[in-house]
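**Q** Below, each chain spelled out in residue letters.
There are 2 protein chains.
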Amino acid sequence: MLIDLIISADDIKEEKLINKTVVVIDMLRATSVITTALANGCSSVIPVLTVEEALDIAGDDRERYILGGERKALKIEGFDFSNSPLDYSKENVEGKTLVITTSNGTRAIKGSEGAKNILIGAMINAKAVAEKILELNNDVVIVNAGTLGQFSMDDFICSGYIIDHLSKSTDIDLTDIATTAHYVYKSNEDIVSFIKYAWHYKRIIELGLMADLEYCCTKDCIDVVPEYNEGVIS
Amino acid sequence: MLIDLIISADDIKEEKLINKTVVVIDMLRATSVITTALANGCSSVIPVLTVEEALDIAGDDRERYILGGERKALKIEGFDFSNSPLDYSKENVEGKTLVITTSNGTRAIKGSEGAKNILIGAMINAKAVAEKILELNNDVVIVNAGTLGQFSMDDFICSGYIIDHLSKSTDIDLTDIATTAHYVYKSNEDIVSFIKYAWHYKRIIELGLMADLEYCCTKDCIDVVPEYNEGVIS
Numbered sequence: 000m001l002i003d004l005i006i007s008a009d010d011i012k013e014e015k016l017i018n019k020t021v022v023v024i025d026m027l028r029a030t031s032v033i034t035t036a037l038a039n040g041c042s043s044v045i046p047v048l049t050v051e052e053a054l055d056i057a058g059d060d061r062e063r064y065i066l067g068g069e070r071k072a073l074k075i076e077g078f079d080f081s082n083s084p085l086d087y088s089k090e091n092v093e094g095k096t097l098v099i100t101t102s103n104g105t106r107a108i109k110g111s112e113g114a115k116n117i118l119i120g121a122m123i124n125a126k127a128v129a130e131k132i133l134e135l136n137n138d139v140v141i142v143n144a145g146t147l148g149q150f151s152m153d154d155f156i157c158s159g160y161i162i163d164h165l166s167k168s169t170d171i172d173l174t175d176i177a178t179t180a181h182y183v184y185k186s187n188e189d190i191v192s193f194i195k196y197a198w199h200y201k202r203i204i205e206l207g208l209m210a211d212l213e214y215c216c217t218k219d220c221i222d223v224v225p226e227y228n229e230g231v232i233s
Numbered sequence: 000m001l002i003d004l005i006i007s008a009d010d011i012k013e014e015k016l017i018n019k020t021v022v023v024i025d026m027l028r029a030t031s032v033i034t035t036a037l038a039n040g041c042s043s044v045i046p047v048l049t050v051e052e053a054l055d056i057a058g059d060d061r062e063r064y065i066l067g068g069e070r071k072a073l074k075i076e077g078f079d080f081s082n083s084p085l086d087y088s089k090e091n092v093e094g095k096t097l098v099i100t101t102s103n104g105t106r107a108i109k110g111s112e113g114a115k116n117i118l119i120g121a122m123i124n125a126k127a128v129a130e131k132i133l134e135l136n137n138d139v140v141i142v143n144a145g146t147l148g149q150f151s152m153d154d155f156i157c158s159g160y161i162i163d164h165l166s167k168s169t170d171i172d173l174t175d176i177a178t179t180a181h182y183v184y185k186s187n188e189d190i191v192s193f194i195k196y197a198w199h200y201k202r203i204i205e206l207g208l209m210a211d212l213e214y215c216c217t218k219d220c221i222d223v224v225p226e227y228n229e230g231v232i233s
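In order, the protein sequence lines correspond to chains A and B. For the first sequence, position 27 (counting from the first letter as 1) is numbered 26 according to numbering that gives the first Met the number 0, and the numbering increases by one without interruption. For the second sequence, position 76 (counting from the first letter as 1) is numbered 75 according to numbering that gives the first Met the number 0, and the numbering increases by one without interruption.
Hints are computed from structural coordinates only; laboratory data are not their basis. Everything hinted at is true.
Because identical chains cannot be distinguished in the list, a pair is counted as satisfied if it fits within a single copy or across any two copies.
Straight-line distance between alpha carbons at most 30 Å, and here's what the computed BS3-like set of lysine-lysine pairs gives: (1) 167 with 201; (2) 131 with 109; (3) 218 with 74; (4) 126 with 218; (5) 71 with 195; (6) 126 with 115; (7) 185 with 167; (8) 115 with 15; (9) 71 with 201; (10) 95 with 74; (11) 185 with 218.
All chains should be built: construct the whole structure from the sequences, respecting the hints.
**A** Printed below as a string of structure tokens:
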């Protein structure tokens with residue numbers, strides 16, 4: 000099984016995704032939000048690129064749809080919830096359809112549409128993602144959402160953690176960038192010793208979102224693997 | 000001083016280079032060759048993309064021009080020298096113009112033409128490159144040539160070494176990818192403990208080029224900083 004990695008939503012090259020299992024990672028925080036919402040009984044998640052699309056889909060049916068996401072890490076006006084996974088409790092999401100738009104994660108998901116399968120990964124469901132990858136048994140491209148088109152240390156180390164799970168269960172070949180992600184994880188298994196230097200981490204600290212950080216860095220606490228298919232994640 | 004990094008010749012985005020000092024790195028082995036040749040009295044280096052261009056420039060004047068480079072890490076038919084820096088001795092290069100074509104390095108140099116200055120960097124001249132960067136006093140983009148359009152661990156750690164020199168002399172701001180390169184270097188100051196896992200390193204070992212590897216990993220043994228200007232490196 001060959002494992003490659005793309006460093007940001009802006010660096011996706013469609014030809015690299017053909018016949019591959021893609022795992023999209025935006026651990027701070029979009030893919031942690033999506034995973035948490037589905038684990039808590041949300042019926043499906045629709046990722047969209049713009050605020051307008053989100054509002055259009057929800058229309059007046061705000062019983063059925065909830066609107067979530069962020070711009071510049073903050074809640075969007077008129078939306079129900081921000082990009083904090085802690086907002087997506089069973090009470091808030093059960094039986095609802097979440098329409099989500101974020102700066103990086105939703106772009107990375109939509110940009111991966113040429114892949115064979117698109118899984119949604121984070122620290123919180125890394126082990127389950129690795130198991131699903133093994134079951135699908137195709138070569139893998141881990142797509143890091145990154146931050147505003149840039150490489151993001153948090154998504155990179157999360158990729159390394161998923162690779163670490165895979166390395167314990169099967170023979171893997173890694174490209175140099177995937178080897179480096181794995182190296183970074185193996186040298187920083189606590190995660191925070193590495194991501195504390197990340198631009199995105201500092202931004203989230205500035206906003207006082209410590210509880211989000213702690214939750215998003217918790218390994219394997221959810222065994223749901225969201226999958227994106229024709230516009231919908233379930 | 001802001002320092003960013005681009006992971007391969009295929010990932011260069013021209014808008015990122017405007018008004019920047021670019022350092023092109025292909026430590027195994029094109030930028031080590033260019034640096035060595037100029038240090039040994041080669042009058043100038045012309046990087047070209049194709050074998051045909053190289054042969055055209057040299058024409059019949061093989062007293063003035065020498066032809067160097069590689070395809071698939073091997074010497075090109077009809078050329079004088081391979082991509083081994085050890086070929087570029089004073090005896091072989093003094094007073095000559097080197098026309099060079101390689102799989103990755105020359106593409107990265109030509110792809111960086113939108114920058115303000117284009118320096119040629121490697122482990123062997125890293126300290127001198129850092130000093131030149133400080134003198135130019137612009138923001139920096141380190142362009143890793145990579146290997147066949149892919150991230151390459153060897154160029155990445157070499158970037159980290161140049162960043163380490165800069166960090167000791169001035170205040171630097173690093174993007175997440177530059178921070179990661181610096182982290183990788185600081186954790187592997189001997190270089191080989193990291194690059195022994197690189198695809199490109201393994202290829203060079205297969206070809207029996209141990210002496211090249213040892214030379215290319217020698218820190219700061221040359222104080223020449225080649226600079227590319229309008230098609231010529233001097």
